[in-house]
Amino acid sequence: MLDFSFLKLILFTYTFNFGVPLMDKTIKESIKELAKKMRIKIIKMLYTAGSGHPGGSLSCVEILAYLFSQKIKRTRENAFDEDRHRFVLSKGHGVPAVYALFSEIGILKEEELYQLRKVGSPLQGHPDRVKFPYIEVSTGSLGQGLSVAIGMAMGAKLKNADYTIYCLCSDGELQQGQMWEALMAGPKFNLDNLIVFLDYNKIQLDGWVDRIMPVEPVKDKIASFNWELYEIDGHDLEQIDKVFSKMKRNNGKPKFIICHTIKGKGISFMENDVEWHGVAPKKEDAQKALEELEES
Amino acid sequence: MGKPTRASFGEALVELGEKNKKIVALDADLSRSVKTAAFAEKFPERFFEIGIAESNMVGVAAGLALSGFIPFCASFAAFVAGRFETIRMSVAYCQANVKIVGTHCGLGIGEDGNSQMGLEDLSIMRSLPGMVVIQPVDHVETKQAVAFAVQHQGPVYLRLTRQDVEDVNPRDYSFQFGKGVVLKKGKDIVLFATGALVYHTLEAALSLEKEGINAEVINIHTLKPIDNDLVIQKAKEFKRIMTLEDHNIIGGLGSAVAEVLSENEPVKIKRIGVMDVFGESGSPDELYQKYGFDKEGIMKSIKAFMKS
Ligand SMILES: Cc1ncc(C[n+]2csc(CCOP(=O)(O)OP(=O)(O)O)c2C)c(N)n1
Chain A
1 MLDFSFLKLI LFTYTFNFGV PLMDKTIKES IKELAKKMRI KIIKMLYTAG
51 SGHPGGSLSC VEILAYLFSQ KIKRTRENAF DEDRHRFVLS KGHGVPAVYA
101 LFSEIGILKE EELYQLRKVG SPLQGHPDRV KFPYIEVSTG SLGQGLSVAI
151 GMAMGAKLKN ADYTIYCLCS DGELQQGQMW EALMAGPKFN LDNLIVFLDY
201 NKIQLDGWVD RIMPVEPVKD KIASFNWELY EIDGHDLEQI DKVFSKMKRN
251 NGKPKFIICH TIKGKGISFM ENDVEWHGVA PKKEDAQKAL EELEES
Chain B
1 MGKPTRASFG EALVELGEKN KKIVALDADL SRSVKTAAFA EKFPERFFEI
51 GIAESNMVGV AAGLALSGFI PFCASFAAFV AGRFETIRMS VAYCQANVKI
101 VGTHCGLGIG EDGNSQMGLE DLSIMRSLPG MVVIQPVDHV ETKQAVAFAV
151 QHQGPVYLRL TRQDVEDVNP RDYSFQFGKG VVLKKGKDIV LFATGALVYH
201 TLEAALSLEK EGINAEVINI HTLKPIDNDL VIQKAKEFKR IMTLEDHNII
251 GGLGSAVAEV LSENEPVKIK RIGVMDVFGE SGSPDELYQK YGFDKEGIMK
301 SIKAFMKS
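Residue numbers (the numbering used here), protein chains in the order written: chain A, 1 to 296; chain B, 1 to 308.
One or more hints might be untrue.
Said to hold, decoys possible - Below, a list of computed lysine-lysine pairs in the DSS-like style, where the Cα atoms sit at most 27 Å apart: (1) B:Lys3 with B:Lys19; (2) A:Lys32 with A:Lys283; (3) B:Lys184 with B:Lys270; (4) A:Lys32 with A:Lys71; (5) B:Lys300 with B:Lys236; (6) B:Lys300 with B:Lys290; (7) B:Lys3 with A:Lys118; (8) A:Lys282 with B:Lys184; (9) A:Lys253 with A:Lys221; (10) B:Lys307 with A:Lys131; (11) A:Lys109 with B:Lys290; (12) A:Lys36 with A:Lys25; (13) B:Lys290 with A:Lys118; (14) A:Lys118 with B:Lys300; (15) B:Lys184 with A:Lys283; (16) A:Lys37 with A:Lys202; (17) B:Lys185 with B:Lys236; (18) B:Lys210 with B:Lys187; (19) A:Lys248 with A:Lys221; (20) B:Lys239 with B:Lys184; (21) B:Lys307 with B:Lys179; (22) B:Lys303 with B:Lys210; (23) B:Lys295 with A:Lys118; (24) A:Lys44 with A:Lys157.
Simulated from the structure, these hints should not be mistaken for lab results.
If we strip away everything but chain B, and leave its shape as in the complex, we get (with noise of 0.2 Å):
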């Protein structure tokens, strides 16, 4: 049984911030929704309760980085990365060691609704230079993907869930910063897919094999810098190519591989992602279906796009 991706990253934080003092974290009143309360029991001393100001909690973080500390702030990604422009100069212009933790990313989070939904933070934080973006998968891919944020220099953005994620990968799983994981292979198509979606994908992928579609699954966890090899040797080798993400279908995993894919391999794509429209309340599982983000909807957008 998985775990939401904000508990993971909750769990590593307290780990990592006993080994190095330098950690610090800032919240504006959502500890206990993006999983830092326990850093902060821990940890009071670095601990920083900012309040319902996003744009000053980040531009805290930035003076706590360039003064030497690690800073994580983390908040909903629909609010953290909505202060754009204070990200983008007083973290990424200043080259600023800070990093920004967006959880209750995508349609994933449920009832809510859109106000609270993080549908374009992957696009909004690719833009900026310098900035890493990360989607992790699962628990032990989240706890070393944090891990890895600590001993980056400079930015680094993190989306996280608000729901639960099943595990895809095994136990003594090794994160390779900026080289994306063949789950599954196969020589019909190739899918790339990244956070939550990439179970679902999975799933819709071994059952495709009843129906004599053999199809390769991969999860891209970085999304800038994306995996340019893997992705030109993917197009070279498949004619189809497939991106999934809960996220806008603008500027998040399908714009990084289309942006790769057309200026060096040339191919048919085909983006699975929210059609550029906003978030709206429901459950997480009636959303997904709706939205052809389920085991079933994959496997319909598969079928078609190998019809096509």
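The following block holds chain A by itself, in its conformation from the complex (with noise of 0.2 Å):
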């Protein structure tokens, strides 16, 4: 038997590329360093705290460094300008991948991360507008979130803004019918100014999604409600790069970005493990996901 698989892989590459323009490499080196100390922080933070959620907010990771550092472009001078692009962490419990980010752009001190869910402290456990302002949306009861964000289409196409709404949900989440409520109306209102990501990193508390209240076909499910819909590796920046330059603005359409992740990424032993959903590591373990995160 001739093996053609070479041809595909050729043809996958130049299909891949071509007319999309590649991202930039000192660009896409800079958001990796960025995740890199994200989750160094994420992992000081928890051991810290001595509580927490490490394998959500690790999955997250570059999502994030992508969204803020390439489409929100958040300072903090710009953080409450009445244009500025609004971001939604739904699974509020991944929030402190919000806070190392955040001290990484210069909006938090190194030294205030590690007063997480201390007394007194703005960086409640989960996020908290009030206490910390930079925080659009209170959250922390999963699957609420999105409806908030919708509303907040809403709001900037009734002020004819054009600012736009990014949200972050987990497979757990499409779980509450809230969500499901919330996706047949993004479609309904032409919220073409709402982006969902979605974080399938496949794992929620007490076990594997699938096993504990299957969501699939989540693919078939959104994209029967009416959402421009795409699908990518969460942890790929090219491919988080290139659903930008595909996705269209003036539709009508609310865009949905299913993001194959995987729970504890970077971290070998927290990689796909449902024991480390909410378990802050201990001394030990901190010690040794920090040397891994160091030598990456």
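Assemble the dimeric complex from its two separately framed chains, guided by the hints.
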């Protein structure tokens, strides 16, 4: 038998890159570096706090790093501008990733990170927009953020403003009825200013999503709800970038990006392990994790 | 050394499930936290994982109850009580025999912060006709309260702690539904406490003996129906009444006692609870200190009230 698989590869590489400008190498490197620093800070924060959710914080790092550095371009100075892009973290327990990012972009001082979950700290265990106004929406009860994001996208339309609303959801959230109510509403109101990311890491609290309560076929379901749909590797910066070059702004359709991710991404012993959903690393594990990250 | 009441609940559910095959359990992706995991392992055919979908869990539980089963549906109090209107229609209005279990109540959960804290659940649940509301205080009482819930025909809400609670009842304790339990006799002031605050209240009362204040401590495990007779009788005996709970000051034990007394035996009441604010992150001990729920804080409140 002749093996033609090499042809497929050539074809794949060709179609993949043709016509779409490749992401600038230095930009890509800088986002990668940002992601690495975020992971290091996530581990340090959770270790210091003694509790929190490593798995789901680590799986959304590339999405956040790309989004905030390339699209939202959040700074301390523009954080409260009327026409700023909005970001809603619907999976609130992943907030350490956001705090880590905020410290990298100058919104938080590093020492403030280590006040996470302490009495009086603005850095609550789950996002609190009153105690920490750089957060747009308080979350932590799963399944509610997308509805709020939809309201924000409707608000932007009503105001004729052209900022974008970004929302990050988790696969476990798809089990909530309210998610599907929101998924129905997005296309009805022609919210092409709303971009939803699904951090599809396949694991929830008690186990694998397909055993707890299957959500598949996610792609068919969301597509049948009339969203503009994309499916990518949520750790691949080029794929994230490419999606943005494909998206159409003024077609009346909200966008939904299924990002296949790995829970605990970046730390070998945390990857795809249910046990690391909601347990902070103790000293030894934190050290091991930091060593791995430094070497990566 | 005590343990969390959610753990005692988990043990009781397995023991009772052994004897009563009608008992079923439903979960919303928290079986390890709410301690139904052991039941799930032992009786997989009677355990239903619904996913992160608390409304659906409550509705499905109602359907199972209307089919003759005794469903326990458990999640964090904030999430399950948060599905109020489903509970109102499908459980309470239907008089479905559903046992709703809300764990992780109050500031005592600590670091996860407000979004995971059940702080208004007593208020919500008390407002539903026919709903029995119980907050057991320690291991023995929790185990018996779960047994009571099984044999009681009708909806029950059980409020449980994430954190360890010390034992306050003797080993031979016997749970009397709807009856307050006098844990310490006194003559200067009566302290009605519920849940995790009972132990701290007892400690405070014992320490105050040395300062010449002789406080009576009563554990109120059944918040609905509240022990009318006992509350009225104590109001007649004592000039000062204090209520203590790890819950919003509105709608919980303090409200229940005030409701009874304002109509029957008006007397000055001081309510200790979360002063109509949301919760926050912090270690359980630090939060109890900050909100005046530890022994020292309670002593301070009692002394101030005695002077007023
Ligand atoms: C309404 C609600 N129910 C339960 C929880 C408790 N909880 C916190 S995280 C979690 C699992 C989350 O898994 P998933 O949504 O897949 O997030 P990820 O894997 O990205 O961490 C659960 C059940 C919650 N926060 N909100």
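Now for the hints, and whether the structure bears them out:
1. B:Lys3 with B:Lys19: Status holds; Cα separation ~24 Å.
2. A:Lys32 with A:Lys283: holds (26 Å)
3. B:Lys184 with B:Lys270: holds (19 Å)
4. A:Lys32 with A:Lys71: holds (16 Å)
5. B:Lys300 with B:Lys236: Holds. Lys300 (chain B) to Lys236 (chain B) sits at ~24 Å (cutoff 27 Å).
6. B:Lys300 with B:Lys290: At roughly 13 Å apart (the allowed maximum being 27 Å), Lys290 (chain B) and Lys300 (chain B) satisfy the hint.
7. B:Lys3 with A:Lys118: holds (24 Å)
8. A:Lys282 with B:Lys184: Violated - the C-alpha atoms of Lys184 (chain B) and Lys282 (chain A) are around 42 Å apart, more than 27 Å.
9. A:Lys253 with A:Lys221: Distance of about 16 Å is within 27 Å: holds.
10. B:Lys307 with A:Lys131: At roughly 36 Å apart (the allowed maximum being 27 Å), Lys131 (chain A) and Lys307 (chain B) break the hint.
11. A:Lys109 with B:Lys290: holds (26 Å)
12. A:Lys36 with A:Lys25: Holds, at about 16 Å.
13. B:Lys290 with A:Lys118: Measuring from Cα to Cα gives roughly 12 Å; hence the hint holds.
14. A:Lys118 with B:Lys300: Holds: Lys118 (chain A) and Lys300 (chain B) sit about 24 Å apart, inside 27 Å.
15. B:Lys184 with A:Lys283: violated (44 Å)
16. A:Lys37 with A:Lys202: Holds - the C-alpha atoms of Lys202 (chain A) and Lys37 (chain A) are around 25 Å apart, at most 27 Å.
17. B:Lys185 with B:Lys236: holds (15 Å)
18. B:Lys210 with B:Lys187: Within the cut-off at roughly 14 Å; holds.
19. A:Lys248 with A:Lys221: Given pair Lys248 (chain A), Lys221 (chain A) holds - Cα atoms ~21 Å apart, limit 27 Å.
20. B:Lys239 with B:Lys184: holds (17 Å)
21. B:Lys307 with B:Lys179: Judged against 27 Å, a Cα distance of about 30 Å means the pair is violated.
22. B:Lys303 with B:Lys210: holds (13 Å)
23. B:Lys295 with A:Lys118: holds (21 Å)
24. A:Lys44 with A:Lys157: Violated, because 40 Å separates the two Cα atoms, which is more than 27 Å.
In terms of the numbered hints stated before, the structure departs from hints 8, 10, 15, 21 and 24, listed from lowest to highest.
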